[in-house]
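J.: Below, each chain spelled out in residue letters.
2 protein chains.
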Amino acid sequence: MTEQLVIALDAMGGDHAPDMVVGGAALACARFPGLNFLLYGDSAQLGRLVARHAVLAGRVEIRHTDEIVRSDDKPSTALRGARKSSMRLAINAVHDGEAGAAVSAGNTGALMAMAKFVLKTLPGIDRPAIITAVPTMRGMCCLLDLGANVQCSAENLVQFAVMGEVFARTVLGVQKPTVGLINIGIEEIKGNEAVREAAAVLRESSLPLEFKGFIEGDDVAAGTVDVAVTDGFTGNVALKMAEGTAKLITSFLREAYRSNWRARLGYLLSRPALAKLRERADPRRYNGAIFVGLNGIVVKSHGSTDALGFSNAIGVAVNMATNGFIPKIRQDFERLRSEMQAPDQTPVA
Amino acid sequence: MTEQLVIALDAMGGDHAPDMVVGGAALACARFPGLNFLLYGDSAQLGRLVARHAVLAGRVEIRHTDEIVRSDDKPSTALRGARKSSMRLAINAVHDGEAGAAVSAGNTGALMAMAKFVLKTLPGIDRPAIITAVPTMRGMCCLLDLGANVQCSAENLVQFAVMGEVFARTVLGVQKPTVGLINIGIEEIKGNEAVREAAAVLRESSLPLEFKGFIEGDDVAAGTVDVAVTDGFTGNVALKMAEGTAKLITSFLREAYRSNWRARLGYLLSRPALAKLRERADPRRYNGAIFVGLNGIVVKSHGSTDALGFSNAIGVAVNMATNGFIPKIRQDFERLRSEMQAPDQTPVA
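Protein sequences appear in the order of chains A and B.
Residues 461 to 809 (the numbering used here) are what the first sequence spells out, left to right.
Residues 461 to 809 (the numbering used here) are what the second sequence spells out, left to right.
Bound-form chain A, shown alone (with noise of 0.2 Å):
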């Protein structure tokens, strides 16, 4: 990244803010040379935070307001009551083309109801997503939905098959991502109407898109695909399931280590290798859950990261503007588009 961008900063969204949005704008700074902020909160709070670190001098803005989204808000009243969070006016700063995206830790419905109502869906897109990219045997999988709909028809999983395979090279930069959809087995009869039909029209499709069919879920940890496409509810659950299973494992792991002396040394002797193992597994490094499908990037920070993870949703933020996210997602979209229209007719070339 040589030039100049903006990133909006929710700076009171998050279990450690504003001193965890600060110092992971202070790390993103370092990673960045041409990055600058908007920093929206309270000024005193912040200035005196900004002051801390050399990196930020001349490159924020902060912009005052006393209005925060509480992490149990419904998302309809944080839609009609927070029109001066610290949130409303990340995302507002989007869509007036002052920022080239927005980044918050704040309750992720709220977030997504205002991003949906400021910024609207990208033409042709019904439904926008959220989504995440997962460690793999191979790398890593780019995940979606993870909640943002409930229910899914079959133009919605298709929807996402083309977002998540724009994600994948824009953000993660692979050449020519696969795709698949989780189902409950890998033969065509096998799930419900909306996967049949999505797979079906998915492999019809003249799109650039590598379909590579019905997938399961542990193949999301193989890696067999770089995009793993199902609906909001599975997906929301799916991947909770596997944080719960990787914590799970982690504690008896620890548990193991110290269950006797001899176990003890051997975790001191392995640690300089167990650390590396940490970090590749660290949730850390894959933080922030993106919202794709809006006109405008917007990406959601766990709400209990710290200065290094929430360095890492910039990070993210700042790869799909700077490598065209918005215009690649819009170029597919119109020749999806036109397809739909023509849908009985061999595509002319």
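Among the clues, some could well be false.
No distinction is drawn between identical chains; accordingly, a pair holds when it is met within one copy or between any pair of copies.
[What the hints assert, rightly or not] Within a straight-line C-alpha distance of at most 30 Å, the following computed DSS-like cross-link-like pairs (lysine-lysine) qualify: (1) 650 x 580; (2) 636 x 707; (3) 580 x 544; (4) 672 x 636; (5) 707 x 788; (6) 736 x 707.
FYI, nobody ran anything at the bench for these hints, they're computed from the structure.
With chain A held as given, fit chain B onto it using these hints.
T.: Relative to chain A, chain B alone:
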């Protein structure tokens, strides 16, 4: 278990059948003194295998059949065609009262179709479900449905909750099992209509069932509840996602240990403690997807399991048969049905 119990085994189902089936039967015989088997399959092969295990002498009756359900047979084909298959005959033995339960490591779809057709569902139960127990921070959690029902109504979910609770009491020996309904958030407004309605029914029910409301995917491994209820699509994907994650972490761990001599030495020292961890997380310990809701006990073992894993699947069948799983389910559903018929009346003591 002191009384006599006969279990019917599909000796030809599974990747390593019939060896691991006979081996599993031998291990189970050593564990349960009153146990006997009906073994369905190729009598020549089975005769040779049985002769190798002294513990099986006089406790096994071999019943010959040539017919086998293949792992890629469609459920409908197997149901219509394979009427003399080892799988079908084992289920028939349960129906005819010759066996207290059937165990198979064969084709899951075919097994479910045959079991449903032959045994039928219990009164008050619309659809059978697949349940299993997974390890958690606090012990075990019974998770259902794992793929028998792609789409589920509120009634289905309520029935799964009742069946899961009886399973936790009968098989896991939990005194007062707690039950949670999987959702994408714990607030009452979250989720689709089916989960919201099911939660409302379970909250108001006077069933002896401790309903804890909504839980999220990570609550399963955290051990928040003894029984986690969801639809078969979500349950299947989530369980496989968890299995994939467990494999991924194990593989990362293996790589970490191999990365240098120091880590290798540390591994050697920690090995006994790590072996205990492996045992704790060994999928063979939790082997067996159990069909619940049918008028008879049928346990599906993992297709790729070995003798130890198969013996554990037999163990689950033994626990269900000897602890009165079916009569207890019957009793709870009679109560549920009488409540449902008079939904607006205060229950009379």
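J.: Please work out whether the CA atoms of residue 736 and residue 707 approach to 30 Å or closer within one copy, between two copies, in both situations, or in neither?
T.: both (17 Å within a copy, 18 Å between copies)
J.: Can you tell me if residue 580 and residue 544 fall within 30 Å by alpha carbon in one copy, between copies, both or neither?
T.: within (19 Å within a copy, 60 Å between copies)
J.: Within a copy, between copies, both or neither: which one fits residue 650 and residue 580 at a CA-CA cutoff of 30 Å?
T.: Between copies only: 23 Å across chains, 34 Å inside a chain, cut-off 30 Å.
J.: Under a CA distance limit of 30 Å, which applies to residue 707 and residue 788: within one copy, between copies, both, or neither?
T.: neither (36 Å within a copy, 35 Å between copies)
J.: State whether the alpha carbon distance between residue 636 and residue 707 is at most 30 Å within one copy, between copies, both, or neither.
T.: between (32 Å within a copy, 26 Å between copies)
J.: With identical chains treated as interchangeable, where does the CA-CA distance between residue 672 and residue 636 reach 30 Å or less: within a copy, between copies, both, or neither?
T.: within (12 Å within a copy, 45 Å between copies)
Checked against the numbered hints given earlier, the structure breaks only hint 5 and satisfies all the rest.
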